[in-house]
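Let chain A serve as the given structure and place chain B on it in line with the hints.
Protein chains: 2
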Amino acid sequence: MRKNDFVIIMAGGIGSRFWPMSRSSYPKQFHDILGTGKSMIRMTYERFLEYIPRENILIVTHRRYRDLVKTQLPEVQDSEILLEPVGRNTAPCIAYASFKIRQRNPQANVLVAGSDYLILNTEKFRKDVELGLDEASKEPVIITLGIPPTRPDTGYGYIQFHEPEEGDNPPYFQVKTFTEKPDLEMAKTFLNSGDFLWNSGMFIFSLPTILSAFEAYMPDLYDIFEGIHRRLDTDEEAAAIEDAYSRCRNDSIDTGVMEKAQSENIYVIPASFDWSDLGTWGSVYEHVDQDYLGNAVSGNVVVYDSTSNLVRMADQGKLVVLNGLNDFIVVDTGDVLLICKKENEQGIKGVVADVRKRFGEDWV
Amino acid sequence: MRKNDFVIIMAGGIGSRFWPMSRSSYPKQFHDILGTGKSMIRMTYERFLEYIPRENILIVTHRRYRDLVKTQLPEVQDSEILLEPVGRNTAPCIAYASFKIRQRNPQANVLVAGSDYLILNTEKFRKDVELGLDEASKEPVIITLGIPPTRPDTGYGYIQFHEPEEGDNPPYFQVKTFTEKPDLEMAKTFLNSGDFLWNSGMFIFSLPTILSAFEAYMPDLYDIFEGIHRRLDTDEEAAAIEDAYSRCRNDSIDTGVMEKAQSENIYVIPASFDWSDLGTWGSVYEHVDQDYLGNAVSGNVVVYDSTSNLVRMADQGKLVVLNGLNDFIVVDTGDVLLICKKENEQGIKGVVADVRKRFGEDWV
Chain A
0 MRKNDFVIIM AGGIGSRFWP MSRSSYPKQF HDILGTGKSM IRMTYERFLE
50 YIPRENILIV THRRYRDLVK TQLPEVQDSE ILLEPVGRNT APCIAYASFK
100 IRQRNPQANV LVAGSDYLIL NTEKFRKDVE LGLDEASKEP VIITLGIPPT
150 RPDTGYGYIQ FHEPEEGDNP PYFQVKTFTE KPDLEMAKTF LNSGDFLWNS
200 GMFIFSLPTI LSAFEAYMPD LYDIFEGIHR RLDTDEEAAA IEDAYSRCRN
250 DSIDTGVMEK AQSENIYVIP ASFDWSDLGT WGSVYEHVDQ DYLGNAVSGN
300 VVVYDSTSNL VRMADQGKLV VLNGLNDFIV VDTGDVLLIC KKENEQGIKG
350 VVADVRKRFG EDWV
Chain B
0 MRKNDFVIIM AGGIGSRFWP MSRSSYPKQF HDILGTGKSM IRMTYERFLE
50 YIPRENILIV THRRYRDLVK TQLPEVQDSE ILLEPVGRNT APCIAYASFK
100 IRQRNPQANV LVAGSDYLIL NTEKFRKDVE LGLDEASKEP VIITLGIPPT
150 RPDTGYGYIQ FHEPEEGDNP PYFQVKTFTE KPDLEMAKTF LNSGDFLWNS
200 GMFIFSLPTI LSAFEAYMPD LYDIFEGIHR RLDTDEEAAA IEDAYSRCRN
250 DSIDTGVMEK AQSENIYVIP ASFDWSDLGT WGSVYEHVDQ DYLGNAVSGN
300 VVVYDSTSNL VRMADQGKLV VLNGLNDFIV VDTGDVLLIC KKENEQGIKG
350 VVADVRKRFG EDWV
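Protein chains in written order, with numbering that gives the first Met the number 0: chain A, 0 to 363; chain B, 0 to 363.
These aren't lab readings, by the way, just hints derived from the structure by calculation.
This structure is a prediction, so every number in the text was calculated from the model and none was measured.
Hints may be right or wrong, so weigh each one.
[Claimed, not checked] Distance condition first, Cα-Cα at most 30 Å in a straight line; then the derived DSS-like pairs of lysine-lysine:
| id | chain 1 | residue 1 | chain 2 | residue 2 |
| --- | --- | --- | --- | --- |
| 1 | B | Lys348 | A | Lys340 |
| 2 | B | Lys348 | A | Lys356 |
| 3 | B | Lys37 | A | Lys340 |
| 4 | A | Lys317 | B | Lys137 |
| 5 | A | Lys341 | B | Lys317 |
| 6 | A | Lys126 | A | Lys37 |
| 7 | A | Lys348 | B | Lys37 |
| 8 | A | Lys180 | A | Lys356 |
| 9 | A | Lys340 | B | Lys340 |
| 10 | B | Lys340 | A | Lys317 |
| 11 | B | Lys175 | A | Lys317 |
| 12 | A | Lys341 | B | Lys340 |
| 13 | A | Lys341 | B | Lys341 |
| 14 | A | Lys317 | B | Lys348 |
| 15 | A | Lys317 | B | Lys356 |
| 16 | A | Lys348 | B | Lys340 |
| 17 | A | Lys317 | B | Lys259 |
| 18 | B | Lys317 | A | Lys37 |
| 19 | A | Lys317 | A | Lys341 |
| 20 | B | Lys317 | A | Lys340 |
| 21 | B | Lys317 | A | Lys348 |
| 22 | B | Lys348 | A | Lys341 |
If we strip away everything but chain A, and leave its shape as in the complex, we get (with noise of 0.2 Å):
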């Protein structure tokens, strides 16, 4: 076990391109949704205990989710959940439990991960973390991990890395640029031009660096915890957070850090296993299982004439006939039936705001 080692989950978020199964009231990584037995959290979960210490995992989380954390994830104790009042995107969540781990080991590594990635080769996936985590504790650096891009997509945020030089092959890069989600032309430029990679949303430094980072890029978020933070592990904690966090913004760690820092200590590692952040249905669609027909489905589903259907069903005892139905996303929650193509799936974010807009908060 890697005593000096931390994973902070975020898992906050809402999932709204799930929609219908993901709600604010139980969202996407407390979902089965790739049908394996496990929702997103606990498989993620699971990944880290394998090397890293129970006690040195720490889930942040919106408070209302609380519940369902301690649900799916019995082993975690209260200490190790942060409960936020409010989003505010990562780099106040990443503040918040760099400052509760500062409390314990200030000399910790940590890796910053989503709550629901899907992730294959897991070890592969450790080798890469553990390489990031012994280089951030040995040098003042921000790593990501960076994912080998396979398409132009133009749904994640691009990594540009330096070159190394003629003969050299080393295990990681100096990043060079950040690009948030680009457009298709600009994406397949990234695509062909082999010195680009993905953002997983993945990051590992060590605590030194981070604080330092946040001190001299984002002051102001900086002050907010260093104020607050001898009220952290106090009953007076969860006031202590209301505050600071009623005075943070909605920042994200990539625009507020690393890309201010990136000329100077951040870098990042080809990611040797397989990602996918399962940000649509179409991407879970490609990583299930499908019959010869193409179609992915869960429970008693009878298809005539139809091919490359992902069908989820909240009720496994119901009975689900397809006729003449091709490339389309089908959920049934029970309470919401959702039909859609899969390549208007894009569209189902503006489907969630006009159902909140015409039904009300209870449907989202």
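Coordinates of chain B only, in the frame set by chain A:
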């Protein structure tokens, strides 16, 4: 009120083309297929109540639907519900009802009708029916109500009638031929010739006429009911009918009587009312309100980029989102979800057979 006139409402069908809404435990005629607030059989019953004495309206159905009839038609007395132990098509059904009516009024005039038709212009319908009943009381004729065809539909029987003499303009015509479900080419020829009508399945006759016809053309059937008629309207009726039906063949009134008798005393009244047998979801779609995108929906339905769909939800509170779906039938009964391209709807009968085989009787 027309005290000499009787109506036989045949309500024993399964309506499997309306699966999954229509189930053998709760078939089509007991559903509010059109979304009017009334079931088909309720609409049928009320249509006749206006001018036929209530006690002259008989419901013939399978015995398992007795409670459904009593619930939906609380006015009906037990003596007006004729329970079949097994479905044997229309000839035994009409024979049973005819022998029952003979006990009460041997000179009755009788209209036979289905329980699951759509009839618009009920006043015109009444006029056609009364014309038929009046004629049947005067002449030994069997009169069918024929529907002027609007398309070369291959799902109906066609009735060819004798053109009247030049200058003649009779309200009904002698029938020349009956043709069951023709192929498309023949249906087109029929439609273009102008002297064919669709067989509505509604017949009018006097009791002496139909009993003579049974005796002449279906003597076995006649003898079966003649043999048990003394036990009708006694405690032994159910046993007698069980016995009678066990000896009846599966015969329709069309092939058993009409086609054999056609050269003699069979007439047809071209209907002045609008009629549909609502034989498929597609025909329902044609007859219900559609929005400006051609979607005919009930309940909370939100559509994007979707046109010409029929949506029927058992749970009116359930939210349905369609995105990129065109020309489909969507039926959600709670335990079954059907998503079927409209043009494939003829396949629903086959679906039902498959589902019965794979999942059992509970599902069909």
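> Among the hints numbered above, which are violated by the structure, and what are their numbers in rising order?
Replying inline: 2, 3, 4, 7, 11, 17
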